[in-house]
Amino acid sequence: MKLFGLSAKDTRFLIIVILLTMFTPILLQPFPEGSALATFNAGYPDLMQRIAIFGIFAIGFNILFGLTGYLSFGHAAFLGIGSYTVVWMYKLLDYNVIWGLPLAVITSGLFALLIGYVSLRRSGIYFSILTLAFAQMSYNLAYSVLTPITNGETGLQVYPSDAQVLMGATEPTSPHLFGIVLRENFWQPTIGGWQFTFNNGYYFTAIIAIVLFYLSLRIFRSPFGLMLRAIKTNQTRLNYTGINTRPYTLAAFVISGMYAGLAGGLMAAMDPLSGAERMQWTASGEVVLMVILGGAGTLMGPVLGAGFIKYLENIFSKINDSILHGWFGALPDGLENFIIGVSHFFVGKSWHLTSGLMFMLVVIFLPGGLVEGGARIRNLFRRGKSPKGADTAHPPAPVANAAEKEEF
Amino acid sequence: MDAIILQILNGLDKGSAYALIALGLTLIFGTLGVVNFAHGALFMIGAFVAVTLQRLLGLSFDQVDPTKSDFMGNPLKVKVPYAESWFGPEVGAAIIDWSVPLAILLAIPVMLLFGFILERGLIKHFYKRPHADQILVTFGLAIVLQELIKYFFGANPIQTPAPSAFTGSFDFGVLLGFDPNAIIYPYWRLVYFAFAALVLSGVFAFLRYTTFGMVVRAGMADRETVGLLGINIDKRFTIMFGLAAAVAGIAGVMYAPILSPNYHMGMDFLVLSFVVVVVGGMGSLPGAVAAGFLLGILQSFASMNEVKSLIPGIDQVIIYLVAIIILLTRPRGLLGRAGVMED
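Protein sequences, first through last, are from chains W and F.
Under my numbering, residue 409 is the last one in the first sequence; the count climbs by one each step, no gaps.
Under my numbering, residue 692 is the last one in the second sequence; the count climbs by one each step, no gaps.
Be aware that a few hints might be false.
[Stated by the list, open to error] List of simulated lysine to aspartate or glutamate pairs, EDC-like, C-alpha gap at most 20 Å:
#	chain 1	residue 1	chain 2	residue 2
1	F	LYS428	F	ASP446
2	F	LYS584	F	GLU573
3	F	LYS499	W	GLU314
4	W	LYS350	W	GLU314
5	F	LYS499	W	ASP322
6	W	LYS92	W	ASP47
[Unchecked claim] Stretch-level coverage of chain W by chain F, calculated; a stretch enters the list once three of its residues show a Cβ under 8 Å from a Cβ in chain F:
#	stretch
7	124-130
8	144-157
9	180-193
10	356-365
Hints are computed from structural coordinates only; laboratory data are not their basis.
Here the structure is a predicted model, which is why all the values come from computation and not from measurement.
Beta carbons are placed, not taken as given, at the ideal position from N, Cα and C, and that holds for glycine.
Could you put the whole structure together from the sequences, leaning on the hints where they help?
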């Protein structure tokens, strides 16, 4: 079966992704309510939506970093710009997200064009520092001089005094799509001990995410994508063959900036406010972490990474002393206290420590991320059968190959 | 005129900190070829060594003071720091008072050791990996260190006062013939500047006038040839990493009274120090120092009210703006060697 101009294999891959996304509310809720493992359930709308949004952010970032190897430390700026745009549309027009989201893509695209045009004149570590400088500038400005636009430390939000010229009398007063309120659930069945929540906002975000995933799939398979990989492999050689690589890298930068802007816009669609902290460089670091953890340069990697990080973040922050005592209560007292004392380093408020450690371990031992790890395990089982092993739909990251990566 | 002098002075202490951190960063880059995103964390750890020592010296026990009594007529219990009971009240109080400078003595071995362990345990394995991997792994390390500090010391800034002898301010206005109080400058910041100048010249002298320094400089220029001459350059570079860590550490110790140590100070300074290194020229030691002071002073000029009213927001972006202009017009930096990381 071939659909939407994809090969049979890619079509199968896309269908699997669509099915996984559509059934996420069920898949992430594997444990019955009230059981000891219910802490590990993640099927609630807020988290799923966050995973989808960061998935979009990471897919976009991967088009730049995974394909061309240009490591940007400033993509959070576009996330913030997208958020601000959408909230401004709430303030000026009404709560319908249909106005804000396309505009968020356009504004972040324009900013990406500007920042990319300047930053891409350098490569390697200089590129990273230039993008970092631009993002920090945006962040500082959003906190200080641009307060009339960004509302400074308070964050931008909708006030009753705002114009909202398109606002109808019966219109919902939270983000909606033509009357479908995004924060509402359309179906909340309880089957046996299991509770599932099907939320408008999640499906809205998920459909956008699938479309964007399809887009990145097409980019990966296109001659344009091939050119981007060539830039990563050996930019000098491309230059010698007479190809000007800058338009290609700039296009990749702008595309990834637009993805980030849309992700930022969707964050504002989830919760109608926006703050400058979304632009801080640690937020840029987070998306780098997701892409690396999942596997840079692979299709599925960024989504896996985003899901993994957001899931763990949620679970780890939730675990507190009473839950720990519940788990380890059966152990002898001394051992129990010891284990709980050690876990304090990693759970609750210390989640960032865990993520930092995980990040280091992945960079050290598994540069190709989870996807490479999966491929290694598969190859372990397949050894002897066929040397080919790797799945062409999501081949192990080219990043894994140190020789290829030297260009950065 | 007096306002200009004041701004230059204000820029000096921040510039000193930038210069000290940037010196270590560029030293590591020049010797090991590693981009160390964890260097700001080393600065932060230094500051927390000062905090720790101040707390340790402040540890006290209860003692009954027979000469005093509380309002009930019972003998009063007073807290006596151990330092005072061991060294006598006067020497002990002085030791506690001077805990920040004393922390340097503690910080140097701690940071050297930490640097050695870091280099041998982690950085060593990243020489041959791409710069992106180096950035990523040290970035992860910075997060880990920062979160550990947050775990043990909490999220709030911790006041770490300087010795009481330095609490006042120095009136430069009188010295230079302006009105009194026109240019006043805290003593501790003067101390910091003098200290930074001392450390910087010490490092330069070490590299310039010792055999060890000569070998290191030769290794920075051409590592392979030095290795072929039968010199164990790796060992020397490890020592240089430890030295860079120690410089960042003592810079942090002395900065603790100026900026109350908090867990994110490392990241804050790291971003700016990287900009400093880039402006000065990757791998150029004098460049890092010059750019550190230059950017520190530029920043304090930009935060003058006259300048801010002229160009709103300039104080927030001046450093980044300078970095962008430098990178685009002269990518090797102000004093960088031609051909080093210029693409």
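Structure-based check of each hint:
1. Restraint check: the Cα-Cα separation between LYS428(F) and ASP446(F) comes to about 16 Å, which is no more than 20 Å; the hinted pair holds.
2. Straight-line distance between C-alpha atoms of LYS584(F) and GLU573(F) comes to about 14 Å, which keeps the hinted pair within the 20 Å bound.
3. Of the pairs offered as hints, the one joining LYS499(F) and GLU314(W) holds, with about 18 Å between alpha carbons and a cut-off of 20 Å not exceeded.
4. Distance check on the hinted pair: LYS350(W) and GLU314(W) sit about 10 Å apart at the alpha-carbon level, within 20 Å; holds.
5. Taking the CA atoms of LYS499(F) and ASP322(W), the gap is about 19 Å. The hint holds against a cut of 20 Å.
6. Of the pairs offered as hints, the one joining LYS92(W) and ASP47(W) is violated, with about 23 Å between alpha carbons and a cut-off of 20 Å exceeded.
7. Only residues whose C-beta sits within less than 8 Å of a C-beta in chain F count toward coverage, and the stretch 124-130 of chain W has 6 of them, enough to reach three; the restraint holds.
8. Counting residues of the stretch 144-157 of chain W whose CB falls under 8 Å from any CB of chain F gives 4; the rule of at least 3 is met.
9. Counting residues of the stretch 180-193 of chain W whose beta-carbon sits less than 8 Å from any beta-carbon of chain F gives 0, not enough to reach three: the coverage restraint is violated.
10. Under the rule that three or more residues need a Cβ within less than 8 Å of chain F, the assignment of the stretch 356-365 of chain W holds, with 7 such residues.
Figure legend: structure checked against the earlier numbered hints; hints not met, in rising order: 6 and 9.
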